[in-house]
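Novice: Residues per chain, in single letters:
Number of protein chains: 2
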Amino acid sequence: MGALALVTVPDITWLPALAAAGEGVPRLVLQLAIILLAAKLGGELFERWLKQPAVLGELAGGMLVGPYALGSFPLPGVGPLFPPPAATGTIPVPETIYFLAQFASVILLFASGLETDFRGFMRFGLTASIVAVGGVVLPFVAGAMSAALAGLAPSVFDARALILGALLTATSVGITARILSDIGKLDTPEGVTILTAAVIDDVLGILVLAVVLAVESGAGGGSLAELALTGGRALGVWIVLTGLLIVLGGVVSRALGWFRSAGAALATALALAAFSAFVAQSAGLALIIGAYSAGLALSRTRARELLAPQIRPVYEALVPIFFVVMGMLVDFRATGPLLGFGLLLSLVALLTKLVGCGLPALALGFRPLGALRIGVGMAPRGEVALIVAGLALTTGLIGTDLFGVAVLVTLVTTVAPPVLLVPIFQRGGSGLRRVPVTPPLVESGLGLTLPGDLFRVFLPRLLQALESEGFRLALQLTTPSGEDVYELQREGEVISLRSSAQDHEVRVVIEATLPDWQALVAAALQRAARAAASEIEEGTRRLVAALGQSSTPLSPEAAQGR
Amino acid sequence: MGALALVTVPDITWLPALAAAGEGVPRLVLQLAIILLAAKLGGELFERWLKQPAVLGELAGGMLVGPYALGSFPLPGVGPLFPPPAATGTIPVPETIYFLAQFASVILLFASGLETDFRGFMRFGLTASIVAVGGVVLPFVAGAMSAALAGLAPSVFDARALILGALLTATSVGITARILSDIGKLDTPEGVTILTAAVIDDVLGILVLAVVLAVESGAGGGSLAELALTGGRALGVWIVLTGLLIVLGGVVSRALGWFRSAGAALATALALAAFSAFVAQSAGLALIIGAYSAGLALSRTRARELLAPQIRPVYEALVPIFFVVMGMLVDFRATGPLLGFGLLLSLVALLTKLVGCGLPALALGFRPLGALRIGVGMAPRGEVALIVAGLALTTGLIGTDLFGVAVLVTLVTTVAPPVLLVPIFQRGGSGLRRVPVTPPLVESGLGLTLPGDLFRVFLPRLLQALESEGFRLALQLTTPSGEDVYELQREGEVISLRSSAQDHEVRVVIEATLPDWQALVAAALQRAARAAASEIEEGTRRLVAALGQSSTPLSPEAAQGR
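Heads up: the protein sequence lines correspond to chains A and B, in order.
Letter by letter, the first sequence follows residues 1 to 562 in our numbering.
Letter by letter, the second sequence follows residues 1 to 562 in our numbering.
If you are wondering where the hints come from, they were derived from the structure by calculation, not from laboratory data.
Think of the CB as a built atom: it goes at the ideal place given N, C-alpha and C, for glycine as much as any other residue.
Incorrect hints may appear among the rest.
[To be verified] Sample of chain A residues with no beta-carbon within 12 Å of chain B, all distances over it, derived:
no., residue
1, A148
2, S261
3, R333
4, G365
5, A416
6, R472
[Claimed, not checked] The list that follows gives simulated cross-link-like pairs (lysine to any residue, SDA-like), each with its CA atoms no further than 25 Å apart:
no., chain 1, residue 1, chain 2, residue 2
7, A, K185, B, A262
8, A, K51, B, A255
9, A, K185, A, P368
Use the sequences and the hints to build the structure in full.
Specialist: Shown next as structure tokens:
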């Protein structure tokens, strides 16, 4: 006689609503509960025990509970929770759930745009741009050619071929950033190049998608000239939309700051993202392109700081729905015959990023080892590839067979590079050919754990203390894994701080290129501590004075010393 | 040639996806954008300029953009965004949006359950319980009788009559709490009684709804005996479900603490709420009853602290969707003929809470003025009334006419009491007949504004310092308006702290019943400041030692004094 028993024993006839529980809103609520559970259990399993990114666990969770696996088995009193589709080519999840997944992808891309930090371009900007271009063009061409050569599309200009090419373009840098952060290599020249290139790569990937969609909905299989013309128009529309949003960004940012009621800024920003997504789709682009542009436009404004902490819980609660639904769309039997092609395409995906990003790096001052590091680091594909595949599946451009191939490519390109990354980053020293102008960061940094509340008091004051020593904040970014990176520079010298919060504690890692950095940082730390303590003392003094009492100085020793 | 122009000029024929933009996912995305905007602009307008709760602004926003007002006007290239329903009795918003609203109400009730603080029962618990019961029974009976007398239902035992009764039961204490907090009366005996009674009132309201739904789906128009039997069963199911969840609460709380991946605890808790909602619905109760029970079960566990800050942004982004959608369901023309009845029912709603809550208060030690304060403070209705009305509309139990009446009752009972509250609370002194055992809090408390980061360092250490003076934390609650209230007691003496965060600052108000409280609080403040400063010093010392440097004490004076 448990809560579960009430569901599994349908003959309790005096429970009148039981018959209706298998349909409508209650059914959707149950489906959503299962999807959320699959997302978080899968994510946790992969992250904790398989040391893989959570997103793969969410995909796997979706495959497991989806219509082509457990979802098709009938539950007592409810029936199959996710029955396989009656007709091929239809989406095998309820429209409502599918819309939620789509809206989650809008939030995902808006947040990606919002997190883009163009200040990172200041260092390694040119190198990173060329690395990014190489890593988009080569996989795109190779992907389209693979489809044509395998007989899956009549020509490389066919929409099916172009979509397969587009699938291979966008790097998902989250896994690389996480691994480099774990082994303390995020601030190496290779690490910064990868992070910066990934930003440009995102924009390029979005553009490639815009072009492909324009070609697809236009003439169909066309020529290079036609592709260029249609692509040019899509590019034009994107530039106008993004330009407008960037111009409006300042106004929107001020408007968001104007709201006083709780959560209004976030909800309004989401409305802007949704509206921009709609405009992009209306203009022949895609929802996510508009959402990304809206995020990009706000990333350079003050609204970013306001929105970033608020959007995180919404993101974490909703975005996994997208990945579980993508996993649910994988039809194992349909994909089976294309397994060989899928593995081959995965290899093409890995090699084209390796060469497409590695060669420019080699030409621009990196040693072969450094170029290899960059090529491997740029290889993982992820969310954008899945979104493109989902889009193509919904519009009927590809079938469940090729969708399965896309998921396979995502899995392989995500699982393989991390295995290589740690050894190639931990041996062989600097990846640059000449000793860089900026000396490499010291090998052994300083790692410590502080209570979170004290850290938040500490950090701004430590940055201030270092700035009063002549350093300026050259780089501030949040990695996709949630680590905050601060880089301070002074005449070619670099001090980097990386902090990651866990529950109530914050782990801080400090590294620097100066020979005497320990003394400098120690002095700055003590100055920051004094500033924080005196602010606390001042606050206490004001409170105590307001109470009509006389205040004693902070430390009893000081009182005695006076 | 703006982003807007792309939508409003549909003859740009080379934009191929434009024709499709008015349907499917893009249309839903646009609708969602409009709903979010209506929610936040309406909420801000009402809160800032009309000094009314945001929820009324969200309702009004929904009425404005809904199918019975602006939503029916065609937009160029899109058509009417929310066309009026073709047939009466159908929900005039897309199924997907309606599901989102339903899920938002699940989140709303889960959060309400989670915020319930049973520790508040320790003071004024008995009084509050009796006040709550009076304030549920009288409105319920009067509401059902009004429906029967007005000829809207054949008897008071008819489902329509019972639903109208259920509508009037649940107090929405948010507005009262906000106003009392603004004028510093939240910690008066009346204020605490209202807050505590509202908690019990929520549970009773949920129970009444369970009983009514059981009667409705069972025999239909029945007798008192039948009602009691069916109601007893629903009550039994609710007790079993809630009891099970409470037993499982500890296990679930530990399980939620086990997750390490980002946002996993929140998403899993939402999955639990959704699952519990499904079980409740399957057992003949309602979705929100299950969600509330799940929140209630976790409110007594450590998971509450983990979830509370994470759920807030999700709540603020999604829950307004529910209120906008409720506003959109208001059919002005259908409600018109029942306007008189609606106003009368609003009066019944106000008077029955006044008498139902006021009389028990009068009998239990309050002066007439104190009883009036409690009666007026308990009068507002809100989210639960709207959820009940929405539920009744969807199941066809009431039509759009009576739904409009329900919204009218919500509006009137929310707008009217605040006008009275301030004057009756600010004059006439204590509302208790005898000087209370617990002396009233000092009239002039201490209010100060602190930087948010310092406050978060301060608060736990201040509570600790007071606890080491023999005080214990007797009451800790977060009011619906987001204010944190801490009440410390020592042998009948009370110190209360109320903090409300705004952007980066926290406003703290300290009040106490002790004659010499200023000296005591000042000492505790200074001890807290010293604890914070020495933790900062210790953290710095560890950091500096790890850097291989020697540390100097925090204050230079102290160094000289040694």
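Novice: Does each hint fit the structure? Answer for all of them.
Specialist: Hint check results:
{"no.": "1", "hint": "A148", "result": "holds, 23 Å"}
{"no.": "2", "hint": "S261", "result": "violated, 5 Å"}
{"no.": "3", "hint": "R333", "result": "holds, 27 Å"}
{"no.": "4", "hint": "G365", "result": "holds, 32 Å"}
{"no.": "5", "hint": "A416", "result": "holds, 22 Å"}
{"no.": "6", "hint": "R472", "result": "holds, 22 Å"}
{"no.": "7", "hint": "A:K185 to B:A262", "result": "holds, 22 Å"}
{"no.": "8", "hint": "A:K51 to B:A255", "result": "holds, 20 Å"}
{"no.": "9", "hint": "A:K185 to A:P368", "result": "holds, 17 Å"}
When held up to the earlier numbered hints, the structure conflicts with hint 2 and nothing else.
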